[in-house]
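Enquirer: Sequence:
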Amino acid sequence: METCASGGKIISRKDFGKRFLIIGLVLLVLAVALKFILDPNVFFDLYLYVGAVAVASIIYGAKQTYSKKNEGVPVEISAKTAKRFLTNNAIILALLMLVVVIMIIQPRFMQYKVMLDILTQSSTKMIVALGICFTLLIAGTDLSAGRLVGLSAVISTSMLQTADYANRFFPDMPQIALILPIVAAILACVLFGALNGFLVARYDMHPFIATLAVQVMVYGACSLYFDMEPNRSQPIGGIRPDFIALGQKKLLEIGEFPGISILVPIALVFVVLVWFILNKTVFGKNVYAIGGNREAAVVSGVNVFATIMGIFIFASFLYGVGGILEAARTAGATNQYGAGYELDAIAACVVGGVSLNGGVGKVSGIVSGVLIFTVIQYGLQFIAVSPMWQQVIKGVIIAVAVAIDMTKYKRK
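Counting from 1, one number per residue, gives the positions in the sequence shown under the working numbering.
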């Protein structure tokens, strides 16, 4: 161990990783002990959360110890690096503290079944946030995301009602293959996504204005469709069981274990897909290049028009998928579905470290941001906080997250 100029210590990457491995193993032993020591009627499933932290610590430690990427690169431990860590992760640390407070106020929040519900609720939001992140990475945004979720939900459910349902959207439509309404819903979203991309790429229109205009168009078009005869703006119900299974089917229902929603592995597939696109493809590198320095990207030969079009089209595809899965989860739809989803998705991305100034953001951060944001929302409902106060708290979180992001950007 060496001393650096700032007065801190410099240790090898392997030693740094081994410390996390030791911490993880200690916490794992503690989790096992808590399983047998604590009263489950008071502390519920606290040991599982300690175990989760232990596993995370072990994985991180193993990555630092055995990864070839940073092999030989020392780690500085000092007041300066500690301050940088706190600045970069302040909002996540604050939200984790809020989760602990919620658990203290209402211990039932520690039940693993609650966490399974949170995973289910966050799955569709995760897919929408993954779409939003592409637009944020080029220093843009997409205000049409929520309404595209609603459009997808309405189109898909309107064509997937049971034959004996009294108030069918299309009374004379025969029972059609499940894939057809799904494709139709996604194509409708992609068309509006292409319009978003064209306005931004062709006319250099600010994404805020372009997507706001398209948001209004989508809501109007969806409402006109929803108000068609004979439905006349009635909530769409009587959904076919094969479609509902896409959002409500449970996996691994073994013994007393309630099972995991099928939405969780579906969301995980899209997480892996987006990670691959952003990290392993030319398109992903172009996205970061445009967000980091658009002029430099143009000089280096990046096709900005095609990349921006691709961003908004792929994002709208993800919104369409999110709307379909949300409609399947709730077994119905109205033209109000998805309202405000874009704000939650943007907030989750910013909380997860995606910069509003573009060029900075990781899929892992988006995942953590969505999960933490969903936990907070669910937790506030769990302890019966007024919906009005929930909106206030959500607004404060967004404001603080953006303020921290802008502070980091100015320092750079």
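Mixed in with the good hints there might be a few duds.
Said to hold, decoys possible - In silico lysine-lysine, DSS-like type, Cα no more than 25 Å apart, as pairs:
| no. | residue 1 | residue 2 |
| --- | --- | --- |
| 1 | Lys394 | Lys362 |
| 2 | Lys285 | Lys394 |
| 3 | Lys113 | Lys285 |
| 4 | Lys69 | Lys250 |
| 5 | Lys280 | Lys80 |
| 6 | Lys68 | Lys250 |
| 7 | Lys68 | Lys18 |
| 8 | Lys394 | Lys280 |
| 9 | Lys63 | Lys394 |
| 10 | Lys14 | Lys113 |
It is worth saying that the hints were derived from the structure and are not from the lab. For clarity, every value in this text was computed on a predicted model and none was experimentally measured.
Enquirer: Quick one, are Lys63 and Lys394 close enough, alpha carbons at most 25 Å?
Expert: 34 Å, violated
Enquirer: For the pair supplied as a hint, Lys69 and Lys250, is the alpha-carbon distance within the 25 Å limit?
Expert: It is violated: about 38 Å lies between the C-alpha atoms, which goes past 25 Å.
Enquirer: Regarding the pair Lys285 and Lys394, is the alpha-carbon distance no greater than 25 Å?
Expert: 32 Å, violated
Enquirer: Next pair to validate is Lys68 with Lys250; report whether the Cα-Cα distance is within 25 Å.
Expert: 39 Å, violated
Enquirer: Within a Cα-Cα threshold of 25 Å, do Lys394 and Lys362 meet the stated pairing?
Expert: Distance of about 22 Å is within 25 Å: holds.
Enquirer: Does Lys80 lie within 25 Å of Lys280 when you go C-alpha to C-alpha?
Expert: 33 Å, violated
Enquirer: Does the structure keep Lys68 and Lys18 at a Cα separation of 25 Å or less?
Expert: 15 Å, holds
Enquirer: For a C-alpha distance cap of 25 Å, please report whether Lys113 and Lys285 respect it.
Expert: Answer violated: Lys113 to Lys285 is near 39 Å, above 25 Å.
Enquirer: Hey, Lys394 versus Lys280, does the alpha-carbon distance stay inside 25 Å?
Expert: 34 Å, violated
Enquirer: Compare the distance between the alpha carbons of Lys14 and Lys113 with 25 Å, and conclude whether the hinted pair is satisfied.
Expert: 37 Å, violated
Consistency with the previously given hints fails for numbers 2, 3, 4, 5, 6, 8, 9 and 10, ordered from lowest to highest.
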